[in-house]
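**Student:** The residues making up each chain are set out below.
Protein chains: 2
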Amino acid sequence: MFALDAETKAAEGPEHHRDELRLWLRLLTCTTMIEGEVRRRLRERFDVTLPRFDLMAQLDRAPQGLTLSNISKRMMVSNGNVTGLVDRLVETGHLERRAAPRDGRARLISLTPLGRAEFRAMAAEHETWIAEMFSGLGPGDVADLLRLLAKTKRSAAAAS
Amino acid sequence: MFALDAETKAAEGPEHHRDELRLWLRLLTCTTMIEGEVRRRLRERFDVTLPRFDLMAQLDRAPQGLTLSNISKRMMVSNGNVTGLVDRLVETGHLERRAAPRDGRARLISLTPLGRAEFRAMAAEHETWIAEMFSGLGPGDVADLLRLLAKTKRSAAAAS
Chain A
1 MFALDAETKA AEGPEHHRDE LRLWLRLLTC TTMIEGEVRR RLRERFDVTL PRFDLMAQLD
61 RAPQGLTLSN ISKRMMVSNG NVTGLVDRLV ETGHLERRAA PRDGRARLIS LTPLGRAEFR
121 AMAAEHETWI AEMFSGLGPG DVADLLRLLA KTKRSAAAAS
Chain B
1001 MFALDAETKA AEGPEHHRDE LRLWLRLLTC TTMIEGEVRR RLRERFDVTL PRFDLMAQLD
1061 RAPQGLTLSN ISKRMMVSNG NVTGLVDRLV ETGHLERRAA PRDGRARLIS LTPLGRAEFR
1121 AMAAEHETWI AEMFSGLGPG DVADLLRLLA KTKRSAAAAS
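Going down the list, the protein sequences come from chains A and B. Residues in the first sequence are numbered from 1 upward in steps of one, following this note's numbering. Residues in the second sequence are numbered from 1001 upward in steps of one, following this note's numbering.
Worth double-checking, as some hints may not be accurate.
For lysine-lysine, the following BS3-like pairs were computed, each having C-alpha atoms within a straight-line distance of at most 30 Å [unchecked claim]:
hint, chain 1, residue 1, chain 2, residue 2
1, B, 1073, B, 1151
2, B, 1073, B, 1153
3, B, 1153, A, 153
4, A, 151, A, 73
5, B, 1153, A, 151
6, A, 151, B, 1151
7, A, 153, A, 73
8, A, 153, B, 1151
None of these hints come from the bench; they were simulated from the model.
So here's chain A without its partners, still in its complex pose:
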């Protein structure tokens, strides 16, 4: 299951990177806590799943519509997962499919006026939940975190 060099490293390696590991675990904990609470509130308040909310959020930011593979890429999930979600939201009248202007075979998916109205209502509440969850931070903290996480994002992208 593992090569000898990894085993040797585990036995001999000095623990140089403890702070980065603690940082990663703390980042993960914060994200998991907030995401779990958002998921719970979306379900209780609107009877909506997080993937459905995320899909509508992507489409709200793209009024011209998105292809299925564009959506998958932005949501970082498989095409198959998105297809079922889109199908259900087309059936309920929240989304529509139409031919792309320059390529009749490609299908663009977008919010209907109903879908947009419902998403905007949920998004407004969602924004207050997020603000509530960060309310223990001062304005300086928020600015510092925004800057440091932008740096983290560049750093992680360079290593990927």
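Assemble the complex: chain A is given as a structure, and chain B must be docked to it using the hints.
**Tutor:** The following block gives chain B in isolation, referenced to the frame of chain A:
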């Protein structure tokens, strides 16, 4: 699907919480990027899934063993998901089940020596990956982020 007060709020509400929303999306992006890269490397390097690595990490931190519901709680996933994972790792000789000392009906799950050796080898490499992904941050940045994310964790916990 939504109550009128939410709709009204969406239409009338001034956008006071844009920074917190940006902060949340940035936090989520950093976590998703790093987690995706860890997942990819675990698969390519060790042919191991992230849930399996996470389960072994929980057990490595608890040498006395954990019950199934303890593991579920720590991993924030359902009992059912953990059961299948534990079953497979017992079969391959990485985990063992035994009766709890004070309650013979309760079963404690722990790493076997094989499981511990394999986990430690993976964990050592994992630690270097994480360090690599945060290598664009200075030591001061890491300390600042640790402090600010501890504050975020307390804030999110208070709102949950």
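**Student:** Hint by hint, note whether the structure agrees.
**Tutor:** Against the structure, the hints:
1. B:1073 x B:1151: This hinted pair holds, its Cα atoms lying about 22 Å apart.
2. B:1073 x B:1153: Holds, because 17 Å separates the two Cα atoms, which is no more than 30 Å.
3. B:1153 x A:153: holds (20 Å)
4. A:151 x A:73: Roughly 22 Å between the alpha carbons, so the hint for residue 151 (chain A) and residue 73 (chain A) holds.
5. B:1153 x A:151: Holds, at about 20 Å.
6. A:151 x B:1151: With a Cα-Cα distance of about 19 Å, the restraint between residue 151 (chain A) and residue 1151 (chain B) holds, given a limit of 30 Å.
7. A:153 x A:73: holds (17 Å)
8. A:153 x B:1151: holds (20 Å)
Of the hints listed earlier, there is not a single one the structure fails to meet.
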